[in-house]
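There are 2 protein chains.
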Amino acid sequence: MYGRYVNDTENPELYATFMPKVEAYRAKLKAGILDEYKLPDELVPKAEKILTKPELAIIDTPGYQLVEKIASGELTSVEVFKAFAKTATVAHQTTNCAMELFMDEGLKRAEELDEYYKKTGKTVGPLHGLPISLKEHYNYKGKVTHCANVIRIDNVTDNWCLTVEVLLNAGAVFYVRTTEPQTLMHLCSNNNITGLCLNPNNTALTPGGSSSGEGAIVAMKGSVMGLGSDIGGSIRCPAAFCGVFGLRPTQKRLSMKNVTFSFTGVEEGVVCVLGPLARTAQDIDLFMKVSLDAKPWERDATLIPLPWRDVPVPAAKDIKVAIMYDDGVVKPTPPILRGLKYAAEKLKASGVTVVEWEPFGVKECVETVNCFYSADANKAQKDALAASGEPVLELTKNALAFGRGDDGWSATEERLGQALRDKYRMEYQDKMMELGVDFILSPTYVSVAAKLETIHYWGYTSLWNVLDFPNVVFPTGLKCDPAVDVPDSGYAPRSDIEKYEYELYKDAKEFKGAPISLQLTGRRWFDEEVVKAAQVVHEIVSA
Amino acid sequence: MYGRYVNDTENPELYATFMPKVEAYRAKLKAGILDEYKLPDELVPKAEKILTKPELAIIDTPGYQLVEKIASGELTSVEVFKAFAKTATVAHQTTNCAMELFMDEGLKRAEELDEYYKKTGKTVGPLHGLPISLKEHYNYKGKVTHCANVIRIDNVTDNWCLTVEVLLNAGAVFYVRTTEPQTLMHLCSNNNITGLCLNPNNTALTPGGSSSGEGAIVAMKGSVMGLGSDIGGSIRCPAAFCGVFGLRPTQKRLSMKNVTFSFTGVEEGVVCVLGPLARTAQDIDLFMKVSLDAKPWERDATLIPLPWRDVPVPAAKDIKVAIMYDDGVVKPTPPILRGLKYAAEKLKASGVTVVEWEPFGVKECVETVNCFYSADANKAQKDALAASGEPVLELTKNALAFGRGDDGWSATEERLGQALRDKYRMEYQDKMMELGVDFILSPTYVSVAAKLETIHYWGYTSLWNVLDFPNVVFPTGLKCDPAVDVPDSGYAPRSDIEKYEYELYKDAKEFKGAPISLQLTGRRWFDEEVVKAAQVVHEIVSA
Numbered sequence: 001m002y003g004r005y006v007n008d009t010e011n012p013e014l015y016a017t018f019m020p021k022v023e024a025y026r027a028k029l030k031a032g033i034l035d036e037y038k039l040p041d042e043l044v045p046k047a048e049k050i051l052t053k054p055e056l057a058i059i060d061t062p063g064y065q066l067v068e069k070i071a072s073g074e075l076t077s078v079e080v081f082k083a084f085a086k087t088a089t090v091a092h093q094t095t096n097c098a099m100e101l102f103m104d105e106g107l108k109r110a111e112e113l114d115e116y117y118k119k120t121g122k123t124v125g126p127l128h129g130l131p132i133s134l135k136e137h138y139n140y141k142g143k144v145t146h147c148a149n150v151i152r153i154d155n156v157t158d159n160w161c162l163t164v165e166v167l168l169n170a171g172a173v174f175y176v177r178t179t180e181p182q183t184l185m186h187l188c189s190n191n192n193i194t195g196l197c198l199n200p201n202n203t204a205l206t207p208g209g210s211s212s213g214e215g216a217i218v219a220m221k222g223s224v225m226g227l228g229s230d231i232g233g234s235i236r237c238p239a240a241f242c243g244v245f246g247l248r249p250t251q252k253r254l255s256m257k258n259v260t261f262s263f264t265g266v267e268e269g270v271v272c273v274l275g276p277l278a279r280t281a282q283d284i285d286l287f288m289k290v291s292l293d294a295k296p297w298e299r300d301a302t303l304i305p306l307p308w309r310d311v312p313v314p315a316a317k318d319i320k321v322a323i324m325y326d327d328g329v330v331k332p333t334p335p336i337l338r339g340l341k342y343a344a345e346k347l348k349a350s351g352v353t354v355v356e357w358e359p360f361g362v363k364e365c366v367e368t369v370n371c372f373y374s375a376d377a378n379k380a381q382k383d384a385l386a387a388s389g390e391p392v393l394e395l396t397k398n399a400l401a402f403g404r405g406d407d408g409w410s411a412t413e414e415r416l417g418q419a420l421r422d423k424y425r426m427e428y429q430d431k432m433m434e435l436g437v438d439f440i441l442s443p444t445y446v447s448v449a450a451k452l453e454t455i456h457y458w459g460y461t462s463l464w465n466v467l468d469f470p471n472v473v474f475p476t477g478l479k480c481d482p483a484v485d486v487p488d489s490g491y492a493p494r495s496d497i498e499k500y501e502y503e504l505y506k507d508a509k510e511f512k513g514a515p516i517s518l519q520l521t522g523r524r525w526f527d528e529e530v531v532k533a534a535q536v537v538h539e540i541v542s543a
Numbered sequence: 001m002y003g004r005y006v007n008d009t010e011n012p013e014l015y016a017t018f019m020p021k022v023e024a025y026r027a028k029l030k031a032g033i034l035d036e037y038k039l040p041d042e043l044v045p046k047a048e049k050i051l052t053k054p055e056l057a058i059i060d061t062p063g064y065q066l067v068e069k070i071a072s073g074e075l076t077s078v079e080v081f082k083a084f085a086k087t088a089t090v091a092h093q094t095t096n097c098a099m100e101l102f103m104d105e106g107l108k109r110a111e112e113l114d115e116y117y118k119k120t121g122k123t124v125g126p127l128h129g130l131p132i133s134l135k136e137h138y139n140y141k142g143k144v145t146h147c148a149n150v151i152r153i154d155n156v157t158d159n160w161c162l163t164v165e166v167l168l169n170a171g172a173v174f175y176v177r178t179t180e181p182q183t184l185m186h187l188c189s190n191n192n193i194t195g196l197c198l199n200p201n202n203t204a205l206t207p208g209g210s211s212s213g214e215g216a217i218v219a220m221k222g223s224v225m226g227l228g229s230d231i232g233g234s235i236r237c238p239a240a241f242c243g244v245f246g247l248r249p250t251q252k253r254l255s256m257k258n259v260t261f262s263f264t265g266v267e268e269g270v271v272c273v274l275g276p277l278a279r280t281a282q283d284i285d286l287f288m289k290v291s292l293d294a295k296p297w298e299r300d301a302t303l304i305p306l307p308w309r310d311v312p313v314p315a316a317k318d319i320k321v322a323i324m325y326d327d328g329v330v331k332p333t334p335p336i337l338r339g340l341k342y343a344a345e346k347l348k349a350s351g352v353t354v355v356e357w358e359p360f361g362v363k364e365c366v367e368t369v370n371c372f373y374s375a376d377a378n379k380a381q382k383d384a385l386a387a388s389g390e391p392v393l394e395l396t397k398n399a400l401a402f403g404r405g406d407d408g409w410s411a412t413e414e415r416l417g418q419a420l421r422d423k424y425r426m427e428y429q430d431k432m433m434e435l436g437v438d439f440i441l442s443p444t445y446v447s448v449a450a451k452l453e454t455i456h457y458w459g460y461t462s463l464w465n466v467l468d469f470p471n472v473v474f475p476t477g478l479k480c481d482p483a484v485d486v487p488d489s490g491y492a493p494r495s496d497i498e499k500y501e502y503e504l505y506k507d508a509k510e511f512k513g514a515p516i517s518l519q520l521t522g523r524r525w526f527d528e529e530v531v532k533a534a535q536v537v538h539e540i541v542s543a
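Order-wise, the sequence lines are chains A and B.
Quick note on numbering: the working numbering labels position 401 of the first sequence as 401, and the sequence is numbered without any gaps.
Quick note on numbering: the working numbering labels position 248 of the second sequence as 248, and the sequence is numbered without any gaps.
Check before you lean on any hint, since a few could be wrong.
One copy or two, either will do: identical chains are not told apart, so a pair holds if it fits within one copy or between any two.
[Stated by the list, open to error] In silico EDC-like links for lysine to aspartate or glutamate, alpha-carbon gap of 20 Å or less: (1) K257 - E434; (2) K295 - D430; (3) K379 - E498; (4) K30 - D468; (5) K257 - E427.
Hints are computed from structural coordinates only; laboratory data are not their basis.
Use the sequences and the hints to build the structure in full.
Below is the structure:
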């Protein structure tokens, strides 16, 4: 499915021993598509044809309203589940977004929840009956968790990722685990187990990565919301490319306890965070509230006990937004610049104070974060690849060459990198305080969704990972329009990387229909304010 | 003064060029002793002889009451200042606790505060008129900050340590900066600029370190409270040895912005924190409340916006305390064991639930934290020493040999160390939650205050640095009594380090009068609860 399985392995005999397992995994995934939810091939992608009218209404209802309707008895968990099970199946048939489907378990869970509600008149928790998708690398008790590495294709995890367990205890229904790229370090989706995932808006494009499947399934309404992770853009890029909301929270608010990775030890220079993708800012808020109301810090001593604060949605006139049109390293392409200018005009017209943000230190920050990624000389990643002989994919090669590549860093270099990071953390915050800027609005990536397996530059997202400022990505409602978003062929790139990225947007036709999304950033730990501001900014811009 | 200036330098010519500056620094310190506050030599240590009766009452009044009395007009800032200026002078004459004295500036500041109060009827802030001492390495605008390194003896800092500035804005009066050891990495006090500081309870003993001068001056009532720092025990050890309260808060609550160090870059494995020493738990609470009410996170993006919560002092019957009698590496000496048992009995009799804490992982944690200290192969420390040719002191040599010593660590090793740290963070918290233990009561050091320049083992404090669990050290009211605290000569040490440390307490007479202090530890970020519990535990134990 969506082929492109690479056979370029240095150890064909070793890898061959894994192939039967990989084939079996793919067959199991295929078998996970239940006939009753399946769309006949000729109808793809006309999903609405297999959904009943009430089901179409369900998938169009935001999660925060669905939980109310289930809690009031207006809808059952099974009704809600079936609607999303069908769209999830269609999403997978269309984009190859799933790594594991277990619809029968999801249905059983929904039935049990309905039974509980019928018996007690109560819900089990604030997410009672809500279908939620999960990126594959979150440990799922009793199921294989491989993190897109063939070597772990038999790795049955005997514990729950704590954040997933919190959702489960709150009443969530699980039925699909979604795809991610090899090493997790692509802003695309390819891996040797289930192959490429495609963008639901235009299947010639990538859904982004590494939470590739989450971007695709949430955009296609195959789940109410989904759980991704982000150390360089892995929530925000798929959210942007697929046209949904995605939050990269400040570090150490949501638990990463029991997550499968190929990283060495514990990385403090840039911290991988977990976060939600959803179709509304209100659902992002719901996810965070439920996750933090459970006090996960009582079970994970690496977390900070910061409850989710109930802050008001700000009035337009009370916020000041600075727009970064260019990070000074790679200039955004015409559709993104159009989106930024469009947003600026709409915001100004609504009473938001809009100023321009002068970028600084981006190149240094991005170089530093790339060194953080590879400070262990990528040993853990390379070991995981070599242990099965699986082919090393193109974007994996690119990621492994980041920073110092095979040389890695000494502790001294890492500490100097951390000092540089803190210097910019201070300077960015000081600049925001000095200007009275509440939020920074910027691109999520240089362009709209890219062609498959092409992206090399992540600076628009990874800048905020190293600074650890929280962001919400949201759709502007605009889509790439080749007639309007004409490539600027006269632009003289400032560097090789800019030339490479800028030239990817050479033929605008190829990007037709790709969503134009933007990224809103706030101060560290003020995630609540960013989510609430993203709600109002989105309302204004997309109106 | 307290001699022991070592002349063992490898570069006598280079060092000789600094000697005039060092001599001038010492002369300036000596001149800082104003005659009007000075105790005639024959009266040392009978400080009460030069204080008036009202002044004696002032130095016996806790800070939280002094600020009320000043705010109500019952006392003036100048009255309060003069009382503490006299005792500070005596403290310095007795223990050599100061690195810099600027009594005239302190008096001027107190006068200005009185004038402001007279004119407006208001205080400038919640610490209006409160005399506070500062460890020397906190940047003080316009003054030399050298961090006990001769190379920086001309280093006039042009900014304020942010936490110091917060205290200043709240109305604090500064007049003395206190001594610290070379490299900051001794649990003692020696340096080549002002030499050894002594323990006010017994001048044959060390006041501990590295916040040596703070321990001595606060114990002698030369300031209401003082500001120390701690990456391995540097607040808690002087607090314990001198018999006062000391808080090592959880990391990233108090700002370390603008502090002078000889460390490489930013260390995330074990984080140096700043914290208060004082004579009451209520004053610790006051310090923290004022520091965090100022929202320092708005000026320091490395901080977490956790306001200081006003939690109630718990009832004895509502807390469960686990006592760690031995960390499994170095057994505490008889006075410390007596203190622990005494505390256990008193607590039980008052209704506190008391259980025993089984130590685990201490050796591994201490080895790891020692590697964090030296992960840069101590390059920054060695460079700072070599640049002036100053003699390398004995305990500096000991500290520089910690962990991998000259070899340092790779980023990979540091990350594996961080993973081990997080494993134990989780396990310690899980164990506390499982047992329902609110606090752990343990020794602060193997023994009571040690002889000068002898301590090699810090595990009882550094364990909590690497775990980052907050602690309050408090005096039990007991003192070392040679008649009771007889050395256990039959004990068979489990290791060389235990043998070394245990044998330091061979002749009990030498330790007569040294305070027996204990350390109370709580869960990460729950500093407020630890401070409030320390208040009640201290009240019970010292009653």
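Hint numbers contradicted by this structure: Failing hints, ascending: 3, 4.
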